[in-house]
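*Asks:* Take the sequences, apply the hints, and build the full model.
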Amino acid sequence: MNQEETEELNGEAEAETAALADAAQLKQALAEAQEKAEANLAGWQRAQADFVNYKRRAEREMKESREYAIGALVLNLLPVLDDFERALAAIPEEEAQMSWMEGIQAIERKLRATLEAQGVAQIKAVGEPFDPHVHEAVMQAPGEEGMVVEEVEKGYQLNDRVIRPAKVVVGRGDEE
Amino acid sequence: MGKVIGIDLGTTFSCVAVMEGGEPKVIPNAEGGRTTPSVVAMSKSGERLAGQVARRQAITNPDNTIFSIKRLMGRKFDEPSVEYDKKLLPFKITKAPNGDAKVAMGDKEYSPAEISAMILQKLKTDAEAYLGEKVTEAVITVPAYFNDSQRQATKDAGKIAGLEVLRIINEPTAASLAYGLDKKEEETIAVYDLGGGTFDISILELGEGTFQVKSTNGDTHLGGDDFDQRVMDWLCNEFKREQGIDLRQDKMALQRLKEAAEKAKCELSTVQQTEVNLPFITADASGPKHLSIMLTKAKLEQLVMDLVEKTIGPCKQALDDAEKTVSQIDEVVLVGGQTRMPLVQEKVKQFFGKEAHKGVNPDEVVAVGAAIQAGVLKGEVKDVLLLDVTPLTLGIETLGAVATPLIPRNTTIPTSKSQIFSTAADNQPSVEIHVLQGERPMAADNRTLGRFMLDGILPAPRGMPQIEVTFDIDANGILNVKAHDKGTGREQKITITASSGLSKEEVARMQREAEAHASEDTQRREEIEAKNSADTLAYTAEKTLREHKDKIPAELNQEVEGKIAAVRSALQGSDVAAIRQATQELNEAMQKIGAAIYQQQPPPPPPGGEAPPPEGEPPPEKGEDEGTVEGEFREV
Numbered sequence: 001m002n003q004e005e006t007e008e009l010n011g012e013a014e015a016e017t018a019a020l021a022d023a024a025q026l027k028q029a030l031a032e033a034q035e036k037a038e039a040n041l042a043g044w045q046r047a048q049a050d051f052v053n054y055k056r057r058a059e060r061e062m063k064e065s066r067e068y069a070i071g072a073l074v075l076n077l078l079p080v081l082d083d084f085e086r087a088l089a090a091i092p093e094e095e096a097q098m099s100w101m102e103g104i105q106a107i108e109r110k111l112r113a114t115l116e117a118q119g120v121a122q123i124k125a126v127g128e129p130f131d132p133h134v135h136e137a138v139m140q141a142p143g144e145e146g147m148v149v150e151e152v153e154k155g156y157q158l159n160d161r162v163i164r165p166a167k168v169v170v171g172r173g174d175e176e
Numbered sequence: 001m002g003k004v005i006g007i008d009l010g011t012t013f014s015c016v017a018v019m020e021g022g023e024p025k026v027i028p029n030a031e032g033g034r035t036t037p038s039v040v041a042m043s044k045s046g047e048r049l050a051g052q053v054a055r056r057q058a059i060t061n062p063d064n065t066i067f068s069i070k071r072l073m074g075r076k077f078d079e080p081s082v083e084y085d086k087k088l089l090p091f092k093i094t095k096a097p098n099g100d101a102k103v104a105m106g107d108k109e110y111s112p113a114e115i116s117a118m119i120l121q122k123l124k125t126d127a128e129a130y131l132g133e134k135v136t137e138a139v140i141t142v143p144a145y146f147n148d149s150q151r152q153a154t155k156d157a158g159k160i161a162g163l164e165v166l167r168i169i170n171e172p173t174a175a176s177l178a179y180g181l182d183k184k185e186e187e188t189i190a191v192y193d194l195g196g197g198t199f200d201i202s203i204l205e206l207g208e209g210t211f212q213v214k215s216t217n218g219d220t221h222l223g224g225d226d227f228d229q230r231v232m233d234w235l236c237n238e239f240k241r242e243q244g245i246d247l248r249q250d251k252m253a254l255q256r257l258k259e260a261a262e263k264a265k266c267e268l269s270t271v272q273q274t275e276v277n278l279p280f281i282t283a284d285a286s287g288p289k290h291l292s293i294m295l296t297k298a299k300l301e302q303l304v305m306d307l308v309e310k311t312i313g314p315c316k317q318a319l320d321d322a323e324k325t326v327s328q329i330d331e332v333v334l335v336g337g338q339t340r341m342p343l344v345q346e347k348v349k350q351f352f353g354k355e356a357h358k359g360v361n362p363d364e365v366v367a368v369g370a371a372i373q374a375g376v377l378k379g380e381v382k383d384v385l386l387l388d389v390t391p392l393t394l395g396i397e398t399l400g401a402v403a404t405p406l407i408p409r410n411t412t413i414p415t416s417k418s419q420i421f422s423t424a425a426d427n428q429p430s431v432e433i434h435v436l437q438g439e440r441p442m443a444a445d446n447r448t449l450g451r452f453m454l455d456g457i458l459p460a461p462r463g464m465p466q467i468e469v470t471f472d473i474d475a476n477g478i479l480n481v482k483a484h485d486k487g488t489g490r491e492q493k494i495t496i497t498a499s500s501g502l503s504k505e506e507v508a509r510m511q512r513e514a515e516a517h518a519s520e521d522t523q524r525r526e527e528i529e530a531k532n533s534a535d536t537l538a539y540t541a542e543k544t545l546r547e548h549k550d551k552i553p554a555e556l557n558q559e560v561e562g563k564i565a566a567v568r569s570a571l572q573g574s575d576v577a578a579i580r581q582a583t584q585e586l587n588e589a590m591q592k593i594g595a596a597i598y599q600q601q602p603p604p605p606p607p608g609g610e611a612p613p614p615e616g617e618p619p620p621e622k623g624e625d626e627g628t629v630e631g632e633f634r635e636v
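So the protein lines, in turn, are chains X and U.
For the record, in the first sequence the residue sitting at position 136 is 136 according to this note's numbering, with numbers rising by one throughout.
For the record, in the second sequence the residue sitting at position 136 is 136 according to this note's numbering, with numbers rising by one throughout.
No lab work stands behind these hints, which were simulated from the structure alone.
Think of the CB as a built atom: it goes at the ideal place given N, C-alpha and C, for glycine as much as any other residue.
Warning: the hint list may mix true and false statements.
Ranges of calculated distance between the beta carbons of each label pair, as one might list FRET restraints [as the list claims (entries may be wrong)]:
id, chain 1, residue 1, chain 2, residue 2, range
1, U, 468, X, 54, 27 to 33 Å
2, U, 480, X, 55, 25 to 31 Å
3, U, 162, X, 55, 24 to 30 Å
*Replies:* Laid out in structure tokens, this is it:
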């Protein structure tokens, strides 16, 4: 093997090494690009999914807020209705027959009817089995176990959603 | 790849939030509440209850209703704190073989982690219902003072509930994250947390984006409930003084009073005085009694002053333990519903010498921070993903040198928008697209981003050609404007790179100018609009006269021609009222033409000759070429 040939071989080897290095670089660049593409695709898909879900929920919420928009107002009006009832429950006997009192009772009925027309309904309590989904126990008292024996404050629902549970006294199981 | 939720697993209430579109959002529970009571129960029928429902039945089922389980997390049965809680909590606390505290519910014993898992399960289920997808991963917060076994118990609770707990973070850290304090340089932060039943103060040190808890202090039995109690006591005393009746003897009355006291307290955070009004609260031999007492903000503050002052001692101690002075505190963060009270905010400000961060709902701030942490772990909160907005409106110039917006300012990019325009004159062969940026209604007052011509439009009456102009801004703010003649398919476009945009100062200046000139701009715009509609009407009138010459009586023809001339001459000037008047008169005359034509109209079918050409086909050439008016109207 003469000198020249060796050099030529070396040159070839160098070129080959360079080509290999190039290829390695390209491979790495490709891998990086692929990784980035995947990350971007994932990010985009997630954003897209977020958006689709958001849209679906926004529609649902819109529907709900239409149905229950009056819920907050009704909830604040309920104490007034409670007070009305308390007042009517405490009518002194000698005044009960006055026609002025009948007028007041008519106002109470009107308020109740107006709320009912909006989908507000009273929750059944006394005599029902205690159900924490619609009742809130504030006390226990003698009476049939697990039954509502007294109603402290009326509960209401609006289109099937409980806006205020009925505050009730629950029977303890022992008789009076 | 599911979402990661952030959970504030609290002593009395828990809250869950999630990152959505880069923003944290609190997830309401199935009952519609934004927080869920940390209560679990086993009903007598063996049904497991969690949250609001469990709380409502607590009084009927005290042995099998577990609350405040957080106080027992990771604790030994013999620890002093457990000894203390045993006296306070109505359910049975037992000792596990390994010495851990356990609780009895139904006929079984549960570890605190199992009970917490039931709360987490409820939060998870409600979150899944809300998000419409499975949730398997979570970030859960714990008090800064929790030790390793308490943290491990919390992690176990997550696992039992079917949640992989990606990270446990400290509550004060979460609150700081909610205010974005992690973006700051090295800082010292005080987190003041006054909730319903506990008070915590934590001193944190922030360095290189990580928080380190330097010290914690507090009072495990001080909170908003104590404030309510003070108000209630006062109301009872006042009522007794006035009416001589002690409401404390009347359980029903107390129930109403309790709610009214809390409501009054909350109201006094925003108003100066409120009336506690409870008609028919009770009755005696003389008849029904009403409670009606005015409570002022000043009185309330007087009632609870010592409670608020009680929080200052722990604050001092925490500073001492952290080896910090008040002046070294850079940020103060408020957590817990009771910090809504102005007196509390005032005292905190007085002590630390600076305004506290407010704005995030203090009941939700910890869950919000947990959700942000969850987002970071999931790679959702990356700065590169922060979406930009266009600072100024982008549009083109249309008839009368008016700027017509296509993309309004503050639109999130990337985005695109197209709109169809047309020619302003008969047989107009080309349109110029003049791309504008700015808020002013007149083209000349806005900044020109670029302009180009679209030519080769086939001869057609004005308004007939359809030129679709599309604006497209990519994520880098590069604007592509394309004009496309739907008739011929010819297209022209221009690319405006972000660099030709404006600096922040310029944007601000243009926005200021738009505001300053708002009224004169509106006036000018109205003037142009009046001119445009007058011009259009005159054109239509001329065309109608031409087309229906034979059907229109000569005198009417003359009248309309006169009115057209009047409009044209009014258009020479700039008296808007005169233009409107002339337009109105022409309009009335035109209606007479309509009536005249329809009277002569034979019954259908109508003539087909006048139908406009279908879209995509070049409109027929008309003999009467009025010559192009290019240049007179710059626009499509």
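*Asks:* Take the hints in turn and mark each one as holding or not.
*Replies:* Verification of the hints:
| no. | hint | in the structure |
| --- | --- | --- |
| 1 | 468/U - 54/X: 27 to 33 Å | holds, 30 Å |
| 2 | 480/U - 55/X: 25 to 31 Å | holds, 27 Å |
| 3 | 162/U - 55/X: 24 to 30 Å | holds, 28 Å |
The structure fails none of the hints (numbered hints given earlier).
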